[in-house]
Structure formats: C-alpha cells, structure tokens
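Undergrad: Given next are the chains, with one letter for each unit.
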Amino acid sequence: MAVERPPLLERPEFERQSLGKAATTDVARPLSLAERLANMDPVRKLTVLLAAIVIWELYTRTAEVPALIFPTFVDTIAALWKGLFQYDLATQTWTSLKILFAGYAIGMAIGATLSFIAVSGRFGSDILSTLASMLNPLPAIALLPLALIWFGLGAKSLVFVLLHSIVWPVALNTHTGFMSVSEPLRMVGRNYGLRNVRYVAKVLIPAAFPSILAGLKLGWAFAWRTLIAAELVFGAASEGGGLGWFIFASRNELDIAGAFAGLLVVILIGFVVENVVFRKIEERTLVRWGMQS
Amino acid sequence: MSAVRERPRTDPVPRPEIERTPIDVRHIGQIERPLSGIERVWNVQIVRNLTVLVMFVVIWEAYTRIADIPPLLFPSFTDTCVAIVDAFRDHRMLAKISFTLTSLLTGYAVGLVAAAVLVSAASIWRVWADILTTATAMFNPLPSIALLPLAMLWFGLGTFSLVFILVHSVVWAVALNAYVGFQGVSPTQRMIGHNYGLRGVMFAIKILIPAALATVLSGMKIGWAFAWRTMIGAELVFGATARGGGLGWHIFENSELLNIRQVFAGLFMIILIGVLVEYAIFRTVELRTVRRWGMQR
Amino acid sequence: MAASAAAAAIEAPIPEGAPILEVQGVTLQYKTREHLITATYRVDFSVYPADRFVLLGPSGCGKSTLLKGVAGFMKPVEGEMRLKGRRIAAPGPDRVMVFQEFDQLLPWKTVRQNITFALRNGGRCSRESDADEIAMSYIRKVKLGGFENTYPHMLSGGMKQRVAIARGMAMEPDILLMDEPFASLDALTRRQMQEELLGLWEETRFTVLFVTHSIEEALLVGSRILVLSPHPGQVKAELNANQHSHANVGSAEFTALQTRIHDMLFADRVLEDETVRRGS
Chain A
1 MAVERPPLLE RPEFERQSLG KAATTDVARP LSLAERLANM DPVRKLTVLL
51 AAIVIWELYT RTAEVPALIF PTFVDTIAAL WKGLFQYDLA TQTWTSLKIL
101 FAGYAIGMAI GATLSFIAVS GRFGSDILST LASMLNPLPA IALLPLALIW
151 FGLGAKSLVF VLLHSIVWPV ALNTHTGFMS VSEPLRMVGR NYGLRNVRYV
201 AKVLIPAAFP SILAGLKLGW AFAWRTLIAA ELVFGAASEG GGLGWFIFAS
251 RNELDIAGAF AGLLVVILIG FVVENVVFRK IEERTLVRWG MQS
Chain B
1 MSAVRERPRT DPVPRPEIER TPIDVRHIGQ IERPLSGIER VWNVQIVRNL
51 TVLVMFVVIW EAYTRIADIP PLLFPSFTDT CVAIVDAFRD HRMLAKISFT
101 LTSLLTGYAV GLVAAAVLVS AASIWRVWAD ILTTATAMFN PLPSIALLPL
151 AMLWFGLGTF SLVFILVHSV VWAVALNAYV GFQGVSPTQR MIGHNYGLRG
201 VMFAIKILIP AALATVLSGM KIGWAFAWRT MIGAELVFGA TARGGGLGWH
251 IFENSELLNI RQVFAGLFMI ILIGVLVEYA IFRTVELRTV RRWGMQR
Chain C
1 MAASAAAAAI EAPIPEGAPI LEVQGVTLQY KTREHLITAT YRVDFSVYPA
51 DRFVLLGPSG CGKSTLLKGV AGFMKPVEGE MRLKGRRIAA PGPDRVMVFQ
101 EFDQLLPWKT VRQNITFALR NGGRCSRESD ADEIAMSYIR KVKLGGFENT
151 YPHMLSGGMK QRVAIARGMA MEPDILLMDE PFASLDALTR RQMQEELLGL
201 WEETRFTVLF VTHSIEEALL VGSRILVLSP HPGQVKAELN ANQHSHANVG
251 SAEFTALQTR IHDMLFADRV LEDETVRRGS
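Protein chains in written order, with our numbering: chain A, 1 to 293; chain B, 1 to 297; chain C, 1 to 280.
Since the hints were made in silico from the structure, they are not lab data.
One thing to keep in mind: the hints can contain errors.
Stated by the list, open to error - Derived DEER-like restraints, expressed as beta-carbon distance ranges:
id: 1; chain 1: A; residue 1: A201; chain 2: B; residue 2: M295; range: 28 to 34 Å
id: 2; chain 1: C; residue 1: G250; chain 2: B; residue 2: M295; range: 42 to 48 Å
id: 3; chain 1: B; residue 1: T188; chain 2: C; residue 2: E78; range: 46 to 52 Å
id: 4; chain 1: C; residue 1: E196; chain 2: B; residue 2: E19; range: 27 to 33 Å
id: 5; chain 1: A; residue 1: A201; chain 2: C; residue 2: E196; range: 33 to 39 Å
Stated by the list, open to error - Derived DSSO-like pairs: lysine-lysine, alpha-carbon spacing no greater than 30 Å straight-line:
id: 6; chain 1: A; residue 1: K280; chain 2: A; residue 2: K217
id: 7; chain 1: C; residue 1: K75; chain 2: A; residue 2: K202
id: 8; chain 1: A; residue 1: K217; chain 2: A; residue 2: K98
id: 9; chain 1: C; residue 1: K141; chain 2: C; residue 2: K84
id: 10; chain 1: A; residue 1: K98; chain 2: A; residue 2: K280
id: 11; chain 1: C; residue 1: K143; chain 2: A; residue 2: K202
id: 12; chain 1: A; residue 1: K217; chain 2: B; residue 2: K221
id: 13; chain 1: A; residue 1: K280; chain 2: A; residue 2: K202
id: 14; chain 1: A; residue 1: K202; chain 2: C; residue 2: K109
id: 15; chain 1: C; residue 1: K109; chain 2: C; residue 2: K143
id: 16; chain 1: C; residue 1: K31; chain 2: A; residue 2: K202
id: 17; chain 1: A; residue 1: K280; chain 2: C; residue 2: K109
id: 18; chain 1: B; residue 1: K221; chain 2: A; residue 2: K280
id: 19; chain 1: C; residue 1: K141; chain 2: C; residue 2: K109
id: 20; chain 1: A; residue 1: K156; chain 2: A; residue 2: K98
id: 21; chain 1: B; residue 1: K221; chain 2: A; residue 2: K45
id: 22; chain 1: A; residue 1: K45; chain 2: A; residue 2: K280
id: 23; chain 1: A; residue 1: K202; chain 2: C; residue 2: K141
id: 24; chain 1: A; residue 1: K202; chain 2: A; residue 2: K156
id: 25; chain 1: A; residue 1: K82; chain 2: A; residue 2: K98
id: 26; chain 1: A; residue 1: K217; chain 2: C; residue 2: K109
id: 27; chain 1: A; residue 1: K45; chain 2: A; residue 2: K217
Please read all numbers here as calculations on a predicted model, not as lab measurements.
Beta carbons: idealized from backbone N, C-alpha and C, even for Gly.
Please put together the full structure from these sequences, using the hints given.
TA: Structure (structure tokens):
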C-alpha cells in the first residue's frame, strides 16, 4: 500500500524585536477565608470528628440504645473523668506504659545489636535473616503461656513477649535498610576513611533511616497490640493490671461506659505515638532530607 | 592563619605519545568464567538459610539432651516432632488449624472488601477522603483485641465476634496504605492513562492499582500480620473465658495442663503457617509483580 | 589513627619529576552472581602531578573498575598500583572519588555539611570552624554561594555534581578520581561543567584521573588520554590532548585526533552508539 507523502511546506523565517506587555485580568487572586479554611487539613478532620460525635450522641439518645450495649458520648466522657480521678485508670495506664517503654527500649537495643552483627559478615547476616524470617510471623502473644510457665505471673513475662514483638521487625527492617544503601554512598563513606562503628553510625544508619523508622513504627504497633492482648489474658487468667485489664474488668462489671473510657485512652495513646511522635521524627529527618514527602 | 591553603602552580609533565596493539583476547585465558557449582549453590540464599536452620536444630537438640533440661520447661526437638505427629494422628490438630484458618480468612476477606469500598469512596468524594483519614488515624492505633470484650458482649461468644475484630484489624491498615498509594501515583502516569482514553473503573484497574501496587501490597501484608496476631490473641482470651477451638486455644489448653511438648507443637504450626503465608504467598506475588517491575528491591 | 596517617601522606612532598600514581600490569576481576569477569588485563600507565589524565574507552572496557581499583575499593589479581611510591591497599582520603550518580551526596546533610563531613572524617580538619571556612571557600569556587544550607534533594543535577566536586577538591587529595561525573547531565550543563572544571584546574592545578566514554569530552577535559580496548580493557594508546579546548572544537586538528581515536576504538567493530551510558 503506497503512503502519500506530503511535501514539506517552506516558510520564511522571522524574528521579533520587542514583545508587547501581557494583558490579562486577575493574574493571582487570594482565596477567600472560607475557601482557605476548607483547605486546611486539621479543620476538615476536626469537622469530621465532631460530626461523628454528634451522630453518636444523637443516635444513642433518640434510639434509646441501652447503656449496657452502647453508652452515649457524654456517658463515656463522664466515665473517663470518673476513671481518671476516682478509680485507678491513670495508675493502670501508667503501669501499661512503664512496661511498654521498658520492653521497647530493651527490644530496640537487642534489634540494633542483631543488625550490627548482621552487617559484620555474611554469616551473621544469614543467622539474622533465618531467625527473623521464622520468628517474625510468630505472634508474640502465642508465647505468653510459655512465658508464664518460665517466668511466672508478672512484669517479666510481659516484657519477654513485648521483646519478641519488637526485636524482629526492628532487626529485619534495619537489616534490609543496611543492605539497600546505595553503592556510591557506601564508597563515599569508605573513601573518607570511615571504618566499623563510625561507618555504621555516620553512613549506614542515616542512609537506611527510612527503613529503620518503618521497623520502629511496626515494632511499636506490634508491641502496643501485644501488650493490650497480654493484659486481657492476664485479666482473664488471674488478677493483673494495666489498661487492657481495666477494659476487661469494666466490661465484666458491665460498666460499659468504663470500658469505652478505657478504649478512648488506648486510642489517644496510640494516636499520639503514631501521629505526633513518629510524625515529628519523620518531619525532622526524612521529610527534611527529601527521602519521604 | 587561614585554613585554606595555596598550592604551587605546576604544569603537566610533557611526555611522548605511546601506541600499542592489545594482545589477542584468546591469549588472555579466562575473561569470563562461570562460578563453580559449590560457589553458586552457596550463593543461593535459601540454601544458606536452611544450613543455619539445621545448625539451630542441632544446637537445640544437643543442648536439651546434654544439659538435661526437664521437658516440662523446654522439650527437645525430637520430643516436639513426636508431639506434632501425635497431635495430627487423632485429627485434633487438623480441626484446630482449619478452625483458625477459616475464621482468619473470612475476617481477612471481609476486611479487604471493606477497605476497597472505603478507598473507592475516598477517591471519588472528598468528604469520604476526610472521613477515611480521620477514622484510620484514630482506629489504626487501636488494637482490635481491645474490642474483644465488647464484641463478646454485643455478638456473643461465636465466630461473629472473632470476624468482627479481625475485620477491624485488617481494614484500617489496608485502607490507609492503599489510599496513600493511590495519592502517590505520579501525575505523569495519571496523564498517560487519560491520554490513552482510560476513564473510571478501567483507569483504576489499569493505571492506579498497578502503579500503587507496592504500597497496596505492603498494606495487605501489615493487615495480614495484624489479623494473624489478633486471631491467636483472641483464641487465647476465648480459651481463657470459654470454649474455643483453634491453634491459640491448643496452646492455652496444653499450657494449663503443663503439656509443654504440645505447646511447642502448636507454636511450631503457627510459625509454619506464618512463614508459608509470608514467603509462599506474599513473596511470590511480590516477585511476580513489584520486584519484577523494579518498583521494590 | 588511619585518618591522621592519611593526612600525613597528603603533606608529604612529591619528588621532582616523579609520577604521582603508577599502575603496573594491573589485572582486575570481579564476581557477579553467576560469573567471574576479567575487567582489565595488564594495564599500565603513570599519572604525573597536575595531569588531567583521562581513561577513555567504550562500555565494558573496565575503565570504571580501574578507577575503583585506584580508589582502593578493589584489589588487583596481578600487578601493582602505587600512589607516591606507596602501594594502594585500601580506600583513603588521599584519593577522593567523584561518582556519576547523584545520590553520592549524603541526603541528610546540607551542602556545607556534606563538605565539612568529608573534611572532618577524612582527617583534613580537626576543628569545625576550619572545616567551615574551607567548605565555604570551595562552595564559592563552584559558584554555589547562597546554597550552603540547602539539602541535596532541592538541588538540580548539575548543582549536585558541583557539590560533589567541591567536596572532592576541598579534601585537596593527591589525586581526584572522577567516574563519568557529567554523564547524567544534559548537554548544555555538561559543557558548562567541563569549562568550570578546567577553570578550577587553572586556579589550583590539582591532579585528576577522569573516566569517560565520550571522545569529545576526553579531548576537552584531558591533558593526556589513555585509550583502552573493550572487554577486557587493555592499553591501546596514550595520547597528548593538552592543546585542545572548547575554543578549537571542530577545528581540523581537533577532528583529526577525534577520528584517530575513533578508528582506534572501533576499527574492528561495527559502529557503536556513542551515547551508550555507563555499562562498564
């Protein structure tokens, strides 16, 4: 099939000496206050939150949902108030947090040590990857019955299962982070004479920070879930303490508003850690370094 | 004294030019040689991992035998193996595994569907985007096991309570990651899709989902991890309060009876299922998609 | 310890008329997952002070591998490399490398911190204030004044390469190793960077070992060109190119040398695309 080929149209060249002034209306106009408010993320989220609370309150009141099934928002806040100042909700929260911090700190240290061993040689790396890929999918809570037999009923058992929930995600993510540091960056570090600990501290850790932070966040999420679950089992098995136990005990006494108050505290702590603490760390590091938006 | 130093100005040394004829490649010998069989086998990661695994098992067995650890505290590897065979022989173990997996998969599937609906709504209407982000920010950090006492009150002691908290554990992690993934699809790729005339559902299937697959998959992995942990935890609590029937219950029941070998057998099965899902399923999907496409190392 | 020894080496005087870097009969090999590959075979050359020594060759001639060998990242299987008479055994701050990749800058440090990081860890400065002063003077030299507190991800590709060059020069190494530093830049920026590099050389007369696969770039940047044959890299010729600059691009003399090198490289092969990037 023959394709017709149009001839090239020859045109004269031209060059302009001066350009006229651009005349347009409204080059840039500031948005109105309402438009700007509606564009602010916190404003929009708070509105959604308020709407949810209003619907909750209205529904439970108008439909007359029994407080034993689903308490109103006002009841929940009242229970929270009562729990914090009359009962031991504050102390229970503190008990939970103390164990959590202890477990998290020790877990981080162990995770870091494991990843240091793993970067020191290929054999260390094999040991870590084998251990972590086997033990990471094992829910820490499944070890609680064993921990109770080994360490007895107490903080020691709790810390043990917390450690298990933190160490593997942290070690695994740190290790993958180290492994994927780009070759030029590694060579730059060695070029300027960095060796061993200084090389790890000054090149590998910052370069792998996105991955390390992801591991720390995942470790936190697992630890937080494990702790609440462990306290529930403790609460179920015998006398215990902590936030999970508070929820369990309130529910057993059919103080559902109290259980809701406990849940509210759990949400609040989780929210602060994930959306304030970790977010701030990200903004100060990854966002500023252009490793994450 | 200034820290900045001046250097003496030197000119390059003039030298005559040189020209040579490289010797024929055939005289050099090995330019490129395949590595030997042993070198290559040793380079395969799974071989190295299995070697380490065998080493651990040997150390475990030797230690428990030599140090005479009472099987009540820490049974040996062979004891554990015998316990696993025992548990399978009278079909108890199989029933328990199938109970755990059935509830788990139901919860996971419902959670995925719920997340898909939420994310679709959020991609179309801005109000739903706000609702989704607010809800995930609040509910993602809430351990779903904490809802178990309430779920048991609302829905009774049955499978429905289990599925309820499983859905809660899956939906937020998946929705959050999928939504962030879709938001992060590059404008260039979006424009390419529109350019070739893709709209609506086809646009989502052919451009958005593949482009965001790395994030969506990681959300599904986290969702699975949470669900798996929640499931075992819930069975432990159930086991503590009433009759349940899964792997978590197997561990709890046997630890109450001080039958530690069976506890180890249960843990062994849990690890096995966890490893299978993580590596046989998720890793395979990753290898076939995002890794092959070079979106993830 | 190692850093102070390296610093002492920087101070040591170079004997009159002696080469700064000697490479003798060097064969380099590396392993991939499945193969063992010989990158260069018995290469020798000498670099003298203030040389702009170019390693030129097509993809797969082992020129980048050779540069990594000089930097100390790879050990030769035969032959020897000596810097100021001392055998090269490990990477050190007396041979600073500038890479092609933009991610050679530490993303968590600003432009100035990237340079002071090198100065402090490379043992050139023990006081932060000295390092700051040197860093600022080199930032001005590469015309990045005003960007000293910017993080690398905010810079364009050309600016990132300038920072990397400033970082390398600030160390005042015995020899600056450049691995196709301008290959990822657009044509206009590349030309500008070549001119700036020559300007900086006029100013400080550093010694540089420069890897490229572009004949034109070799002629423009180099004072002496080592032409390598492909797979495995062997020395084909060592030529003078000091007389060429951007001023005489396209002149008969320039084109003649260009053609001569081209024939040398591709005499026995089908024409290869000159723009093929970094395969070595």
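Undergrad: Could you run down the list of hints and mark each one as holding or not?
TA: Verification of the hints:
A hinted range of 28 to 34 Å for the beta carbons of A201 (chain A) and M295 (chain B) is consistent with their spacing of about 30 Å. Evaluation of the 42 to 48 Å hint for G250 (chain C) and M295 (chain B) yields a pass: the beta carbon distance comes to about 44 Å. A C-beta distance of roughly 49 Å is found between T188 (chain B) and E78 (chain C), which places it inside the suggested range of 46 to 52 Å. Look at E196 (chain C) against E19 (chain B): about 32 Å separates their beta carbons, and that is inside 27 to 33 Å.
For the hinted restraint 33 to 39 Å between A201 (chain A) and E196 (chain C), the CB-CB distance of approximately 34 Å keeps it satisfied. As the CA atoms of K280 (chain A) and K217 (chain A) are separated by approximately 13 Å, the hinted pair is consistent with the 30 Å bound. With a CA separation close to 25 Å, the supplied pair K75 (chain C) and K202 (chain A) stays within the 30 Å bound. Restraint check: the Cα-Cα separation between K217 (chain A) and K98 (chain A) comes to about 18 Å, which is no more than 30 Å; the hinted pair holds.
Note on K141 (chain C) and K84 (chain C): the hinted pairing holds, with a Cα-Cα distance of about 28 Å set against a maximum of 30 Å. Distance hint between K98 (chain A) and K280 (chain A) is fulfilled; the C-alpha atoms sit about 22 Å from each other, no more than 30 Å. Proximity of K143 (chain C) to K202 (chain A) is assessed by CA-CA distance (about 28 Å); at most 30 Å being required, the pair is judged to hold. Between K217 (chain A) and K221 (chain B) the alpha-carbon distance is near 15 Å, which keeps this suggested pair within the 30 Å criterion.
For the given pair, K280 (chain A) sits about 22 Å from K202 (chain A) by alpha-carbon distance, which is consistent with the 30 Å threshold. Pair hint K202 (chain A) plus K109 (chain C) holds up; C-alpha atoms about 11 Å apart against a cutoff of 30 Å. Between K109 (chain C) and K143 (chain C), the direct Cα distance comes to roughly 19 Å. Compliance with the 30 Å bound is thereby established for this hinted pair. Between K31 (chain C) and K202 (chain A), the direct Cα distance comes to roughly 28 Å. Compliance with the 30 Å bound is thereby established for this hinted pair.
With a CA separation close to 18 Å, the supplied pair K280 (chain A) and K109 (chain C) stays within the 30 Å bound. Between the alpha carbons of K221 (chain B) and K280 (chain A) the distance comes to roughly 25 Å, so the proposed pair stays at or under 30 Å and holds. The suggested pairing of K141 (chain C) with K109 (chain C) holds, with an alpha-carbon distance near 20 Å, which does not exceed 30 Å. With a C-alpha separation of about 12 Å, the suggested pairing of K156 (chain A) with K98 (chain A) holds against the 30 Å cut-off.
For the suggested pair K221 (chain B) and K45 (chain A), the alpha carbons sit about 27 Å apart, so the restraint of at most 30 Å is met. Between K45 (chain A) and K280 (chain A), the direct Cα distance comes to roughly 19 Å. Compliance with the 30 Å bound is thereby established for this hinted pair. Our distance criterion of 30 Å between C-alpha atoms is met by K202 (chain A) and K141 (chain C), whose separation comes to about 27 Å. Our distance criterion of 30 Å between C-alpha atoms is broken by K202 (chain A) and K156 (chain A), whose separation comes to about 35 Å.
Between K82 (chain A) and K98 (chain A) the CA atoms are separated by roughly 23 Å; this keeps the pair inside 30 Å, and the hint holds. A hinted pair counts as satisfied when its Cα atoms are at most 30 Å apart, and K217 (chain A) with K109 (chain C) qualifies at roughly 24 Å. Distance restraint check for K45 (chain A) and K217 (chain A): the Cα-Cα separation of roughly 23 Å lies within the 30 Å cut-off, and the hinted pair is therefore satisfied.
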